[in-house]
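**Student:** Sequence:
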Amino acid sequence: MIKVYNTMTKQKEEFKPQQEGKVSIYCCGVTPYNAPHIGNARPFVTWDVIRRYLSDQGYEVKYIQNFTDVDDKIINTATAEKSDWKTVADRNIARYFAAMDALNVKRADLYPRVSENIDDITAMIKKLVDNGHAYAMPNGDVFFAVEKFADYGKLSGRSLEDMQAGARVEVDSRKSNPMDFALWKAAKPNEPAWDSPWGKGRPGWHIECSAMSLKYLGEKFDFHGGGSDLIFPHHENEIAQSQAYLEDNAAFAQYWLHNGFITIRNEKMSKSENNFFTVEEILEKYPGEILRFFILQTHYKSPLDFGEDRLKEAQAALNRLQTAKDNLNKLKTGAAKPTAKDAALADVAADLAKKFNAAMDDDFNTALAISEMFALAKEINIFCQKATTTGEYDGESLRAAEEAFDKMAGIIGIFEQETKKAASDDTAEKLMQIIIDLRQKARADKNWALADEIRDKLKEAGFVLQDGKTGVTWKTL
Numbered sequence: 002m003i004k005v006y007n008t009m010t011k012q013k014e015e016f017k018p019q020q021e022g023k024v025s026i027y028c029c030g031v032t033p034y035n036a037p038h039i040g041n042a043r044p045f046v047t048w049d050v051i052r053r054y055l056s057d058q059g060y061e062v063k064y065i066q067n068f069t070d071v072d073d074k075i076i077n078t079a080t081a082e083k084s085d086w087k088t089v090a091d092r093n094i095a096r097y098f099a100a101m102d103a104l105n106v107k108r109a110d111l112y113p114r115v116s117e118n119i120d121d122i123t124a125m126i127k128k129l130v131d132n133g134h135a136y137a138m139p140n141g142d143v144f145f146a147v148e149k150f151a152d153y154g155k156l157s158g159r160s161l162e163d164m165q166a167g168a169r170v171e172v173d174s175r176k177s178n179p180m181d182f183a184l185w186k187a188a189k190p191n192e193p194a195w196d197s198p199w200g201k202g203r204p205g206w207h208i209e210c211s212a213m214s215l216k217y218l219g220e221k222f223d224f225h226g227g228g229s230d231l232i233f234p235h236h237e238n239e240i241a242q243s244q245a246y247l248e249d250n251a252a253f254a255q256y257w258l259h260n261g262f263i264t265i266r267n268e269k270m271s272k273s274e275n276n277f278f279t280v281e282e283i284l285e286k287y288p289g290e291i292l293r294f295f296i297l298q299t300h301y302k303s304p305l306d307f308g309e310d311r312l313k314e315a316q317a318a319l320n321r322l323q324t325a326k327d328n329l330n331k332l333k334t335g336a337a338k339p340t341a342k343d344a345a346l347a348d349v350a351a352d353l354a355k356k357f358n359a360a361m362d363d364d365f366n367t368a369l370a371i372s373e374m375f376a377l378a379k380e381i382n383i384f385c386q387k388a389t390t391t392g393e394y395d396g397e398s399l400r401a402a403e404e405a406f407d408k409m410a411g412i413i414g415i416f417e418q419e420t421k422k423a424a425s426d427d428t429a430e431k432l433m434q435i436i437i438d439l440r441q442k443a444r445a446d447k448n449w450a451l452a453d454e455i456r457d458k459l460k461e462a463g464f465v466l467q468d469g470k471t472g473v474t475w476k477t478l
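Numbers 2 to 478, taken from our numbering, label the letters of the sequence shown in order.
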């Protein structure tokens, strides 16, 4: 049974899909005015793992993620570059895909853009005006009337009275209520604009996600997600306008999941503080799988502090898992034979696989799930070391452990990239074999001091030699 923490109800709930065997997900995408930063990466890595796990559990998953390709920031960037909004958006959408590919984030089923769904957006706004939940201004602006929606604030837990009291003095005096928000913005010079019943203009920020999620997932779908910064006002406004449009306060998304913030040295990430990191900058120094693994070592709801020291820790941890995978491969291709019978590893693998799934069932707790993967890696290493020493192993246990380990890795989304590591591993293997041959020669010549010195120096450098019946093997500490 899968349980999720629902931001709407502020508690964990059993997940019950709208359609048996199917899951529908809408995740708010990026505004492509620049390259994606690490804060952008977290929700998409998070939802990629959720999607992988749900698929592994037999669900047919439909995953939609939008691009806000019409926005003030894009227009401002285009103006500064003396370019146009579409050129800016297309360029940065390409950069987004390159970054997510590096992080092993699988493509969504659909990436709708604001600019491609204007008719659906204007139709939604028109109905809101017609049913009294929105009003048009003489200049062509259209606002949603928050006071007409009695449940406004139910996601964030804010009361309209408190929000009004905190409204800034310079709020638009044309609004019926300071908290009313724009559904349609009248055209301004040198900005993209489309025809509408209120004249030329462009959509407000919030209406786009409502229109596109309802269009592609239906009036009632399962999950809506994004960063915690979107709870208010974006998701709050989405709920208000969507349920007002549908005239059903139980419609729209049923489960709201929000990931925690990423900080830099315990401070909010900000360009002005010079602690702003794009995914591209991080990828210059670290493979994407390390950044992905770093993100997933913390539960998605918890704050996550970013720093190069944390990336190095993630790199070392991922290397330990890689060692177990390498040991499995070496055992299968080495001199040891699958002749022994010992089902202990198979039993342990089955138990840890259940614990892994239990962690994922508990609000997609990747941090706990990964700990079970480390436990299996430890058992695999012990099994492989014993097999190297005795020259035989239980082939059935090996297959069971490998299948469990690979399944875990497939859900977490690691070991999927062909990187320079393969080449460097091959070089390291050749160099280590030269050193091992020299040590073996020293032992054959009864030069025990030199043989021991080679062994000890290797250990100091982080390499351990293992003497077995089938020969000498090595591993990293």
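Some hints here could point you the wrong way.
When the alpha-carbon atoms are kept at most 30 Å apart in a straight line, the in silico BS3-like pairs for lysine-lysine are as follows [claimed, not checked]:
no. : residue 1 : residue 2
1   : K379      : K17
2   : K107      : K355
3   : K286      : K342
4   : K127      : K63
5   : K17       : K127
6   : K186      : K201
7   : K313      : K342
8   : K4        : K107
9   : K149      : K221
10  : K149      : K201
11  : K333      : K302
12  : K460      : K387
13  : K128      : K107
14  : K74       : K286
15  : K201      : K333
16  : K331      : K186
17  : K189      : K74
18  : K186      : K17
19  : K338      : K326
20  : K408      : K13
21  : K155      : K13
22  : K331      : K286
23  : K87       : K13
24  : K186      : K149
No wet-lab data here; the hints were simulated from the structure. Since this is a predicted model, take the numbers as computed values, not measurements.
**Student:** Let me make sure I understand: some of the numbered hints might not hold for this structure. Which ones are they, in numerical order?
**Tutor:** Checked against the structure, the hints that fail are numbers 1, 3, 5, 7, 11, 13, 15, 16, 18, 23, while the rest are satisfied.
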